[in-house]
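Construct the complete structure from the given sequences, taking the supplied hints into account.
Residue numbers (our numbering), protein chains in the order written: chain A, 1 to 259; chain B, 1 to 344.
Read the hints as simulated data drawn from the structure, not as lab findings.
Do not rely on the hints blindly, as some may be mistaken.
As the list claims (entries may be wrong) - A few chain B residues that don't get close to chain A, going by computed Cβ distances all over 10 angstroms: (1) Tyr30; (2) Met45; (3) Trp146; (4) Asn165; (5) Ser167; (6) Trp168; (7) Phe172; (8) Glu238; (9) Ile322; (10) Ala332; (11) Ile334.
As the list claims (entries may be wrong) - With a cut-off of at most 25 angstroms between alpha-carbon atoms, the simulated DMTMM-like pairs for lysine to aspartate or glutamate come out as follows: (12) B:Lys126 x A:Glu55; (13) A:Lys8 x A:Asp79; (14) A:Lys3 x A:Asp194; (15) A:Lys21 x A:Asp174; (16) A:Lys16 x A:Glu28; (17) B:Lys277 x B:Glu238; (18) A:Lys3 x A:Glu234; (19) A:Lys224 x A:Asp63; (20) A:Lys8 x A:Asp174; (21) B:Lys122 x A:Asp58; (22) A:Lys3 x A:Asp169; (23) A:Lys8 x A:Asp169; (24) B:Lys126 x A:Asp58; (25) A:Lys196 x B:Glu227; (26) A:Lys16 x A:Glu231; (27) B:Lys122 x A:Asp79; (28) A:Lys3 x A:Asp190; (29) B:Lys122 x A:Glu55; (30) A:Lys3 x B:Glu227; (31) A:Lys224 x A:Asp194; (32) A:Lys16 x B:Glu78; (33) A:Lys16 x A:Asp69; (34) A:Lys240 x A:Glu197; (35) A:Lys240 x A:Asp63.
For every residue, glycine included, the Cβ atom is placed at its ideal position computed from N, Cα and C.
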Amino acid sequence: MAKRIEIKDLDIFYGKFQAVKGVDMTIEPRAVTAFIGSSGCGKSTVLRSLNRMHEVIDGAYVDGEVLLDGTNLYGPNVDPVRVRRQIGMVFQRPNPFPTMSIKENVLAGVRLNNARMSGSEMDELAEKSLRGANLWEEVKDRLDRPGSGLSGGQQQRLCIARAIAISPDVILMDEPCSALDPISTLAIEDLIKDLKEDYTVVIVTHNMQQAARVSDSTAFFNLKAQGQPGELIEYGSTEKIFHNPDQKATEDYITGRFG
Amino acid sequence: MSAQAPSSDKERTTSSEPLDSSLVRDSKRYGDTLFSGISTGSALMIFVILAAVATFLTTQAIPAVTREPGPTGLTAVETAGGFWQWVLPLAFGTVWASVLAMLMAVPLAIGIALFLSHYAPKRVAKTFGYIVDLLAAVPSVVFGLWGVTVLAPALDPFYRWLNDNLSWIYFFNAWVPYGDGGDLRPNLAAGGQNMLTAAMVLALMVIPIITALTREVFLQTPRLHEEASLALGATRWEMIRQAVLPFGTSGIISSSMLGLGRALGETMAVAMILPGKVLISFKLLTFDNPNTIAAYIAQNFPEAEGDGNHQLIAAGLVLFVITLVVNMVARAIIHSRREFSGAN
Ligand SMILES: Nc1ncnc2c1ncn2[C@@H]1O[C@H](COP(=O)(O)OP(=O)(O)OP(=O)(O)O)[C@@H](O)[C@H]1O
Ligand SMILES: [Mg+2]
Numbered sequence: 001m002a003k004r005i006e007i008k009d010l011d012i013f014y015g016k017f018q019a020v021k022g023v024d025m026t027i028e029p030r031a032v033t034a035f036i037g038s039s040g041c042g043k044s045t046v047l048r049s050l051n052r053m054h055e056v057i058d059g060a061y062v063d064g065e066v067l068l069d070g071t072n073l074y075g076p077n078v079d080p081v082r083v084r085r086q087i088g089m090v091f092q093r094p095n096p097f098p099t100m101s102i103k104e105n106v107l108a109g110v111r112l113n114n115a116r117m118s119g120s121e122m123d124e125l126a127e128k129s130l131r132g133a134n135l136w137e138e139v140k141d142r143l144d145r146p147g148s149g150l151s152g153g154q155q156q157r158l159c160i161a162r163a164i165a166i167s168p169d170v171i172l173m174d175e176p177c178s179a180l181d182p183i184s185t186l187a188i189e190d191l192i193k194d195l196k197e198d199y200t201v202v203i204v205t206h207n208m209q210q211a212a213r214v215s216d217s218t219a220f221f222n223l224k225a226q227g228q229p230g231e232l233i234e235y236g237s238t239e240k241i242f243h244n245p246d247q248k249a250t251e252d253y254i255t256g257r258f259g
Numbered sequence: 001m002s003a004q005a006p007s008s009d010k011e012r013t014t015s016s017e018p019l020d021s022s023l024v025r026d027s028k029r030y031g032d033t034l035f036s037g038i039s040t041g042s043a044l045m046i047f048v049i050l051a052a053v054a055t056f057l058t059t060q061a062i063p064a065v066t067r068e069p070g071p072t073g074l075t076a077v078e079t080a081g082g083f084w085q086w087v088l089p090l091a092f093g094t095v096w097a098s099v100l101a102m103l104m105a106v107p108l109a110i111g112i113a114l115f116l117s118h119y120a121p122k123r124v125a126k127t128f129g130y131i132v133d134l135l136a137a138v139p140s141v142v143f144g145l146w147g148v149t150v151l152a153p154a155l156d157p158f159y160r161w162l163n164d165n166l167s168w169i170y171f172f173n174a175w176v177p178y179g180d181g182g183d184l185r186p187n188l189a190a191g192g193q194n195m196l197t198a199a200m201v202l203a204l205m206v207i208p209i210i211t212a213l214t215r216e217v218f219l220q221t222p223r224l225h226e227e228a229s230l231a232l233g234a235t236r237w238e239m240i241r242q243a244v245l246p247f248g249t250s251g252i253i254s255s256s257m258l259g260l261g262r263a264l265g266e267t268m269a270v271a272m273i274l275p276g277k278v279l280i281s282f283k284l285l286t287f288d289n290p291n292t293i294a295a296y297i298a299q300n301f302p303e304a305e306g307d308g309n310h311q312l313i314a315a316g317l318v319l320f321v322i323t324l325v326v327n328m329v330a331r332a333i334i335h336s337r338r339e340f341s342g343a344n
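Here is the structure:
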């Protein structure tokens, strides 16, 4: 459970276009790390490179190392499929499988990994995961209904349940609340705080208050100039980044003055 | 022109209140009137034509269905012993040939479509997709000619081998009793012109249709769902099973139904390949093959007259009904899956 991620001199490309340059950082286990920064500076790109989802895009590749408790995820014999089973991901827009019921959605990842599981074990896992995602009480009476029939916030929590059902070491979230109303957002933020008990959590957000509320560490990304690759400008405890940043650019961004 | 269009809205502007002129409905929307006239007209016309065809088929078919066949045994219906005894084997042949064709075509077409949409490099997919589209445009006579002159003779040795070695499989058994000593002799179709060849050619004809349509559907799988699956640690094939195929199910069903429609109504290819008879048989390699309705009509219409005409038209009506039922079943399947289709 909960593993440390070390990123070493990571350059990320979309074909010929370099989107991110020279990222070095260590993401601590059992903590929430927030990625902030203006649009297009490469937050999602970095996040997706952590579970090798970046390379599913045509022509996309990375240069550098990402170590998960010391193992290089981009090492020569590493299977990206295995990596993704250990590092779960929640997307900006809720994406439950529309053809599956709520329960099938939760178990979708488990089905892939090891098909051999008794019916009662499956039921138990589904309940545990849904409870873990604070969704159980709302859906326990309609587990066989389609997942797409839930509200947006419920769908997002269903996706979180689906991600934690395969007991990953790390959970990556790319703006998980940006499509949700304030109440659902609060529900997910509470959930994120619970999740860090067991997982390494990385979250991308455009919402400063959200980063301040949920995260222990914050990484600020920015573009040196338009058309240049994004870079990690400053990384530290959320406390420090929000109240006493070292970099002028960070302070400007936090206080709402974009440079 | 607009004067002819009965438009009730026009009268309203004559109320006593003075209206802001920019709000007054413009009575001279010629484009709108013209377009709605044309589209309504075309819709009506299609309806009228369909009704006319249905009426024609039914009225022409009734005599064939109601009249008792004479005992002379001169016509096919008389030989069969009645209209239904004659038309049912033909309906069977039609459905059987199409089902066989679909059994071969659908899995292959889905495989090709998946290859084109999710496996092949872009450039390969493009050229290959273009070839598939071209195949869909090949006229059926050409398929028929190719089936008779190339495919059937080429497969003939293979059929002999099947009959010699695998005749314990019912479908491949073409042995018939010979003499009265209990001997058997092979009753293989001449030159490989059997039901299996006919079904293969039908399959080849519908594969491009199904491939082209399902490929489009597979390509439209939301990126969101594909990534959801990959992020759970799915391999490419698992992702296809989890995200692409479920999303494409109704597309697969409807394109298969289009293909089946073509196979059911296909005339020339079957007529050229299969020397069909009025009989029911599930055996694939024998000389005695059931005919299909469309091929039977094509083969017999030139000489038909009087009652014969009515009978062929009645058979055509049966084909029409079969196609209709197939379509209705397909719609019902798609409808029953709607809740889980992600269309909401
Ligand atoms: N699929 C892609 N193909 C090519 N370039 C891409 C692709 N996705 C992102 N980029 C580019 O990479 C850069 C970083 O994009 P990214 O999506 O990581 O930014 P972001 O920080 O997540 O922005 P936002 O806050 O708007 O989500 C941008 O310049 C973007 O145009
Ligand atoms: Mg982003």
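Comparing the hints with the structure gives:
Non-interface status of B:Tyr30 relative to chain A is upheld: no Cβ of that chain comes within 10 angstroms, the nearest being about 44 angstroms off. Listed as outside the interface, B:Met45 is consistent with that label: its C-beta sits roughly 39 angstroms from the nearest C-beta of chain A, beyond the 10 angstroms cut-off. The claim that B:Trp146 lies off the interface holds: its Cβ sits roughly 38 angstroms from the closest Cβ of chain A, which is beyond the 10 angstroms cut-off. Every CB of chain A is more than 10 angstroms from the CB of B:Asn165 (nearest about 37 angstroms), matching its label as outside the interface.
The Cβ of B:Ser167 lies farther than 10 angstroms from every Cβ of chain A, with a closest approach of about 39 angstroms, so its non-interface assignment holds. The beta carbon of B:Trp168 is kept farther than 10 angstroms from every beta carbon of chain A, the shortest such distance being approximately 35 angstroms. With a cut of 10 angstroms on Cβ distances, B:Phe172 stays outside the contact zone with chain A, its closest approach being about 35 angstroms. Annotated as non-interface, B:Glu238 brings its C-beta within 10 angstroms of a C-beta of chain A; the closest such distance is 5 angstroms.
With a least beta-carbon separation of about 30 angstroms from chain A, B:Ile322 lies farther than 10 angstroms from that chain, consistent with its non-interface assignment. For B:Ala332, the condition that its CB be more than 10 angstroms from all CB atoms of chain A holds, with the nearest at approximately 18 angstroms. Remark: the non-interface label on B:Ile334 is consistent with the geometry, its nearest Cβ contact in chain A lying 13 angstroms away (cut-off 10 angstroms). Under the criterion of a C-alpha separation no larger than 25 angstroms, the hint pairing B:Lys126 with A:Glu55 is consistent with the structure, at around 22 angstroms.
Of the supplied pair hints, the one linking A:Lys8 and A:Asp79 holds, its CA atoms being roughly 19 angstroms apart against a limit of 25 angstroms. The straight-line distance between the Cα atoms of A:Lys3 and A:Asp194 is roughly 16 angstroms, inside the 25 angstroms bound, and the hint therefore holds. Under the criterion of a C-alpha separation no larger than 25 angstroms, the hint pairing A:Lys21 with A:Asp174 is consistent with the structure, at around 20 angstroms. Restraint check for A:Lys16 and A:Glu28: the C-alpha separation of about 32 angstroms exceeds 25 angstroms, so the hint is violated.
In summary, the hint linking B:Lys277 to B:Glu238 is not supported, as the alpha carbons are separated by about 46 angstroms, beyond the 25 angstroms threshold. Straight-line distance between C-alpha atoms of A:Lys3 and A:Glu234 comes to about 22 angstroms, which keeps the hinted pair within the 25 angstroms bound. Proximity of A:Lys224 to A:Asp63 is assessed by CA-CA distance (about 20 angstroms); at most 25 angstroms being required, the pair is judged to hold. Straight-line distance between C-alpha atoms of A:Lys8 and A:Asp174 comes to about 21 angstroms, which keeps the hinted pair within the 25 angstroms bound.
Pair hint B:Lys122 plus A:Asp58 holds up; C-alpha atoms about 10 angstroms apart against a cutoff of 25 angstroms. Restraint check for A:Lys3 and A:Asp169: the C-alpha separation of about 6 angstroms stays at or below 25 angstroms, so the hint holds. Taken as a hint, the A:Lys8 and A:Asp169 pair is honoured in the structure, with Cα atoms around 19 angstroms apart against an allowance of 25 angstroms. Between B:Lys126 and A:Asp58 the CA atoms are separated by roughly 16 angstroms; this keeps the pair inside 25 angstroms, and the hint holds.
With a CA separation close to 24 angstroms, the supplied pair A:Lys196 and B:Glu227 stays within the 25 angstroms bound. Simply put, A:Lys16 and A:Glu231 have alpha-carbon atoms about 17 angstroms apart, close enough for the 25 angstroms limit, and the pair holds. Pair hint B:Lys122 plus A:Asp79 holds up; C-alpha atoms about 24 angstroms apart against a cutoff of 25 angstroms. For the suggested pair A:Lys3 and A:Asp190, the alpha carbons sit about 21 angstroms apart, so the restraint of at most 25 angstroms is met.
Of the supplied pair hints, the one linking B:Lys122 and A:Glu55 holds, its CA atoms being roughly 16 angstroms apart against a limit of 25 angstroms. A threshold of 25 angstroms between alpha carbons decides the hint, and for A:Lys3 with B:Glu227 the separation of about 23 angstroms falls inside it, so the pair holds. Taking the CA atoms of A:Lys224 and A:Asp194, the gap is near 36 angstroms; set against the 25 angstroms cutoff, the hint is violated. Distance hint between A:Lys16 and B:Glu78 is unfulfilled; the C-alpha atoms sit about 77 angstroms from each other, more than 25 angstroms.
Distance restraint check for A:Lys16 and A:Asp69: the Cα-Cα separation of roughly 31 angstroms exceeds the 25 angstroms cut-off, and the hinted pair is therefore not satisfied. Distance check on the hinted pair: A:Lys240 and A:Glu197 sit about 22 angstroms apart at the alpha-carbon level, within 25 angstroms; holds. For the proposed pair A:Lys240 and A:Asp63, the alpha carbon gap of about 30 angstroms is over 25 angstroms, so the pair is violated.
Of the numbered hints given earlier, the model fails hints 8, 16, 17, 31, 32, 33, 35; all others are met.
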